[in-house]
Amino acid sequence: MRHHRLAWVAAVSAMTALPFAPVTAQAAVPARALTPSDVVAPTVVKHVSTDVDGDGTRDSISLTYLGANQFTLTATTTKGTSASVTFTSVVDPDHGTAGSAWYGASAMDGRKGSELIVKRNTPDSILSGGPTALSVYTWRSGKLVAEAAPATPKGKVWVVNDDGSPARGYRFFSSHGHRYVDASWLKAVSNRTGWKGSVVRSVWRHGAWVKVSTRSTKTLTWGSWSIAGPRLLLGQVNVDVNGDSRPDLVSFYQNGIRHYVVKVATGKKTVEQGFAAEDAGFVGAAALDAVPGAELIVKTEWETPLWKVLTWRDGKLTSLPGPNAHAGSAGVWAGAGDETVTNYTTSVEDGKHYVTETWKADESDIAHVKKWVWQANGWTTVSDWTQVTLTDDQVRAIHWRGFTAADLVTP
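Residue numbers (the numbering used here): 155 to 565.
Keep in mind that the hints are not guaranteed to be accurate.
Restricting the straight-line Cα-Cα distance to at most 30 Å, the calculated cross-link-like pairs of lysine-lysine (DSSO-like) are [stated by the list, open to error]: (1) Lys422 - Lys470; (2) Lys310 - Lys233; (3) Lys524 - Lys506; (4) Lys297 - Lys266; (5) Lys417 - Lys506; (6) Lys233 - Lys266; (7) Lys308 - Lys341; (8) Lys470 - Lys417; (9) Lys365 - Lys350; (10) Lys266 - Lys506; (11) Lys266 - Lys310.
If you're looking for bench data, these hints aren't it; they were derived computationally from the structure. Please read all numbers here as calculations on a predicted model, not as lab measurements.
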């Protein structure tokens, strides 16, 4: 559900030196959700590298939270030219950090270079979990400027809704040397008939989107495209993945409906791993096992929840098996189930790598804790499930589902 997807990104402060207490590794990333009243200095909440000016090299993009729901988006090219825009987006600590104002970067229109997409959250859009207004910025003559939206069934707007009905989104594609976009507005009818609604097609012509057709459509598949067609860059980290003690660029993309790609550029080679998921989120990178190099952690299911952990083996990305935590979940990284909160915490003791899982029911202060050690290329149980009564501070420390580690690098 949408509220789970937004909520998981809200980090929490380390409360005590207990196995389940989350630890934040990057000072540049807020240790908890920011609110307009407690921000005293501009804070960089997202950074990626992508080509915005179309010269084929990656430029530096940063999203800075100024406080009071104000943001600055800045692009600095490899030539040293810098440009910024300021926009407003509501920050709600109950539904995510200030960094969740970032939507992604993608090569959308007919000019070279990626467009930068941000959310224009309002109190209503956050609370309802409904349509989200976007702003799209593009590089023109050394500046970041807002790109006018193509026609949609509901006017010329950048609005997506990938978590309900009506589904709204955009699919970009090229055909016969021209760049097109299909903007959809589809309502769920029933499990039998699927979705129906309208699609407006536009073509990129003379530096703008020009409407060419409108059609009615009916489909049995999920109706939203969100921003699809080109890959949508959701987040990046720089971390040593292949174990050579040099940082690698890790990029996390959405590549169409329910499909995601993790890409690792080591300098010598580029490796990708794609996978299907209802709605995935990039947690970050941390060293889980005893093999040199960080593992890449992706949350692939929100209600259970489930995670996919990718590790570098013989020049490839492959799944790292998880401990046998719960019945029916052997070899996977799984939570205890719906209506619970789960936390995997990593530690290194006397050179050995450990993972501790802590889970509890939503309304309970009783935590269940189990610990494993990495040995013989797998996880071996150190201590079986025990129950611990938590203080209020400890409950808050495991409130958000996820992985925590002293060396966690977050996107």
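The hints, checked one at a time:
For a cut-off of 30 Å, the pair hint linking Lys422 to Lys470 stands: about 13 Å separates their Cα positions. This hinted pair does not check out: Lys310 and Lys233 have alpha carbons roughly 34 Å apart, beyond 30 Å. The suggested pairing of Lys524 with Lys506 holds, with an alpha-carbon distance near 16 Å, which does not exceed 30 Å. Note on Lys297 and Lys266: the hinted pairing holds, with a Cα-Cα distance of about 15 Å set against a maximum of 30 Å.
Straight-line distance between C-alpha atoms of Lys417 and Lys506 comes to about 29 Å, which keeps the hinted pair within the 30 Å bound. Distance restraint check for Lys233 and Lys266: the Cα-Cα separation of roughly 16 Å lies within the 30 Å cut-off, and the hinted pair is therefore satisfied. For the hint pairing Lys308 with Lys341, the CA-to-CA distance comes to about 13 Å; that is within 30 Å, so the pair holds. Pair hint Lys470 plus Lys417 holds up; C-alpha atoms about 11 Å apart against a cutoff of 30 Å.
The suggested pairing of Lys365 with Lys350 holds, with an alpha-carbon distance near 21 Å, which does not exceed 30 Å. Distance restraint check for Lys266 and Lys506: the Cα-Cα separation of roughly 48 Å exceeds the 30 Å cut-off, and the hinted pair is therefore not satisfied. Among the hinted pairs, Lys266 with Lys310 is consistent with the structure: their alpha-carbon atoms are about 23 Å apart, no more than 30 Å.
Going through the hint list in order, the structure does not satisfy hints 2, 10.
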